[in-house]
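Peer 1: Protein sequences, first through last, are from chains A and B.
Residue numbering for the first sequence follows the numbering used here, starting at 8 and increasing by one per position.
Residue numbering for the second sequence follows the numbering used here, starting at 191 and increasing by one per position.
These are calculated hints, taken from the structure and not from any lab test.
Cβ coordinates follow ideal geometry from the N, Cα and C atoms, glycine included.
Certain hints may be false.
[Said to hold, decoys possible] List of simulated lysine-lysine pairs, BS3-like, C-alpha gap at most 30 Å:
1) A:38 with A:78
2) B:350 with A:92
3) A:78 with B:200
4) A:20 with B:280
5) A:36 with B:280
6) A:130 with B:280
7) B:280 with A:62
8) A:38 with A:10
9) A:62 with A:92
10) B:280 with A:92
11) A:38 with A:223
12) A:20 with A:10
13) B:200 with B:350
14) B:280 with A:100
15) A:20 with B:350
16) B:280 with A:78
17) A:10 with B:280
18) B:280 with A:38
19) A:62 with B:350
[Claimed, not checked] Computed far set for chain B versus chain A, every beta-carbon distance over 10 Å:
20) 225
21) 291
22) 316
23) 361
24) 376
25) 404
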Amino acid sequence: MTKAIECINLVKKFGDYCAVDHMNLSFEKGKISALLGPNGAGKTTTISMILGMVKPTSGEVRVLGMPSGTKELRQRVGALLQDVKAADGLTVKEVLQLFRSYYRNPMSLERLLDISDLHADQKRRASTLSGGQRRRLAFAQSLAGNPELLLLDEPTVGMDIEARGRFWDTIQALASDGRTVLLTTHHLEEADAVADHIAVIARGQVVAEGTPERLKAQTALRTVSFRAANAPDEQEWLTLPGVERAECSGERIRLFAHETDELLFKLMQSEWGVSDIDIQSASLEDTFRSLTGSNKQTIIR
Amino acid sequence: MLHMFVAQTKAESIRIIRSPFFLLFSIAMPLAFYFLFASMNGVDKSIQSTTWGVFSLMSMTAFSLIGTAVSQFGIRLSFEHQDGWVRLLKLTPLSPAVWIGSKIISQMVVHLIVIVVIFLSAGLVHDIQLTAGQWIACGLWLWIGSISFLALGALLGTLKNANTSVAIGNVLQMGLAIVGGLWMPLSTLPSWMGSVGEWLPSHRYANGAWNMIAGKNPASIDFIILTGCGLLFMLLSIYIYNRRDAV
Numbered sequence: 008m009t010k011a012i013e014c015i016n017l018v019k020k021f022g023d024y025c026a027v028d029h030m031n032l033s034f035e036k037g038k039i040s041a042l043l044g045p046n047g048a049g050k051t052t053t054i055s056m057i058l059g060m061v062k063p064t065s066g067e068v069r070v071l072g073m074p075s076g077t078k079e080l081r082q083r084v085g086a087l088l089q090d091v092k093a094a095d096g097l098t099v100k101e102v103l104q105l106f107r108s109y110y111r112n113p114m115s116l117e118r119l120l121d122i123s124d125l126h127a128d129q130k131r132r133a134s135t136l137s138g139g140q141r142r143r144l145a146f147a148q149s150l151a152g153n154p155e156l157l158l159l160d161e162p163t164v165g166m167d168i169e170a171r172g173r174f175w176d177t178i179q180a181l182a183s184d185g186r187t188v189l190l191t192t193h194h195l196e197e198a199d200a201v202a203d204h205i206a207v208i209a210r211g212q213v214v215a216e217g218t219p220e221r222l223k224a225q226t227a228l229r230t231v232s233f234r235a236a237n238a239p240d241e242q243e244w245l246t247l248p249g250v251e252r253a254e255c256s257g258e259r260i261r262l263f264a265h266e267t268d269e270l271l272f273k274l275m276q277s278e279w280g281v282s283d284i285d286i287q288s289a290s291l292e293d294t295f296r297s298l299t300g301s302n303k304q305t306i307i308r
Numbered sequence: 191m192l193h194m195f196v197a198q199t200k201a202e203s204i205r206i207i208r209s210p211f212f213l214l215f216s217i218a219m220p221l222a223f224y225f226l227f228a229s230m231n232g233v234d235k236s237i238q239s240t241t242w243g244v245f246s247l248m249s250m251t252a253f254s255l256i257g258t259a260v261s262q263f264g265i266r267l268s269f270e271h272q273d274g275w276v277r278l279l280k281l282t283p284l285s286p287a288v289w290i291g292s293k294i295i296s297q298m299v300v301h302l303i304v305i306v307v308i309f310l311s312a313g314l315v316h317d318i319q320l321t322a323g324q325w326i327a328c329g330l331w332l333w334i335g336s337i338s339f340l341a342l343g344a345l346l347g348t349l350k351n352a353n354t355s356v357a358i359g360n361v362l363q364m365g366l367a368i369v370g371g372l373w374m375p376l377s378t379l380p381s382w383m384g385s386v387g388e389w390l391p392s393h394r395y396a397n398g399a400w401n402m403i404a405g406k407n408p409a410s411i412d413f414i415i416l417t418g419c420g421l422l423f424m425l426l427s428i429y430i431y432n433r434r435d436a437v
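With the rest of the complex left out, here is chain A:
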């Protein structure tokens, strides 16, 4: 299978702060992938290195089989960045025509206006558009070159639920043309709705990766949480029957397991001094939070 993007041992340090910490990622061609993580996880830094805007401290990025940031890639890759204001003085149509002029094989103006749903506003100055409309214009600008790879940094920020749904449909239509899409998001729901492949990152590292189904399989786990007066060493928690993962926040220990009956039995029999037991089925959101949380200690078997 061919890779659209490969990050090999990628590191980016800003002074002492390590924004991206030995990241290994690869995304397949023709798929929609999501880089999912909380704010400050290193998503934008990673995207910036893939685009060649930021030089890695060490490691390598290959995009469509080439080193990132080459002239040829600028023809073939479209990007939607965060925090870019609209050009003043130009109308929607003028902005799109200008961007189309940069590329060998631009997408038609009609299709760009269709995708951004700005037909009625094409003669308006870009600077007078509403926040959501501006985001759609910026999205159309990223498509002006008819790119085979599309990188979208937090594409749905500022969109309402309805607009977000329409946007996901558009992304899926673009991918069905054979384009590769990589988007960053901090909404699990968004990654789940649109992506074929999700890489969860936290503190500059990949903490989980796979199809949404595979990540969801982890939510089939139930959690047993309790207080323990004399808990043994952490590694011993994982030896209990059926325990897949364990974490500890404050005094509470939380065990993730597929089957809890036998586990409970063992716990009650143990010398741990277990009290205040609570049993829950973990949601996808919980899994995400436990994977990316920084104030908890997680141990995965």
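Guided by the hints, dock chain B onto chain A, whose structure is given.
Peer 2: Relative to chain A, chain B alone:
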């Protein structure tokens, strides 16, 4: 490549001309000051072997072009940097050379329009005693001389904070105009100001045109200071841009 260049130049020119700041500070204000100064001092009253009506026309056209170069080129560069526009363009196949080249060309097209509009307005209102050759020579001098102020704009555009850029740009524009003798002749300013003013590129810029309307050639010191400052600003801004890219 050519298509890209033409489209970019067209877009940059449209952006300047549609800017309300351009209409106000590059056209309306210099014209208003011209008519004010000319009528206050008397259109036909003589000054420096010419009349106020012509003298002030050259001063105010120079004032307008300095302002256009500093704000529409310099301050705009700072804003485009701050607004992420530069970052976005770098991701497209538009090369930096085509981008900056089209900015300079569109700026020069606009400068030519400014000269024509201001000269025409003055010529229609007042009876200005200049030969066709003088009109053209003065226009060309002011047009080509404005390149030095584009270089000053480029230097200002290296500032990443647009608010700082606006503040410094306004001080520069006003300072260069007033101390350079564009509003009041240097001889009427306090002597210390005059002795600073005669070395300023703004004074040398206007002085070349004043010489031509009096039937003389621009002084060689006009050429030297205008070209020298232009080259200095250009080299400095290229140095700063390159150093920033290397980081």
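Peer 1: Now tell me if each hint is right for this structure.
Peer 2: Status of each hint after checking the structure:
no.	hint	in the structure
1	A:38 with A:78	holds, 24 Å
2	B:350 with A:92	holds, 15 Å
3	A:78 with B:200	holds, 24 Å
4	A:20 with B:280	holds, 23 Å
5	A:36 with B:280	holds, 24 Å
6	A:130 with B:280	holds, 26 Å
7	B:280 with A:62	holds, 14 Å
8	A:38 with A:10	holds, 10 Å
9	A:62 with A:92	holds, 24 Å
10	B:280 with A:92	holds, 15 Å
11	A:38 with A:223	holds, 19 Å
12	A:20 with A:10	holds, 26 Å
13	B:200 with B:350	holds, 25 Å
14	B:280 with A:100	holds, 21 Å
15	A:20 with B:350	holds, 23 Å
16	B:280 with A:78	holds, 10 Å
17	A:10 with B:280	holds, 24 Å
18	B:280 with A:38	holds, 26 Å
19	A:62 with B:350	holds, 20 Å
20	225	holds, 28 Å
21	291	holds, 14 Å
22	316	holds, 33 Å
23	361	holds, 23 Å
24	376	holds, 37 Å
25	404	holds, 40 Å
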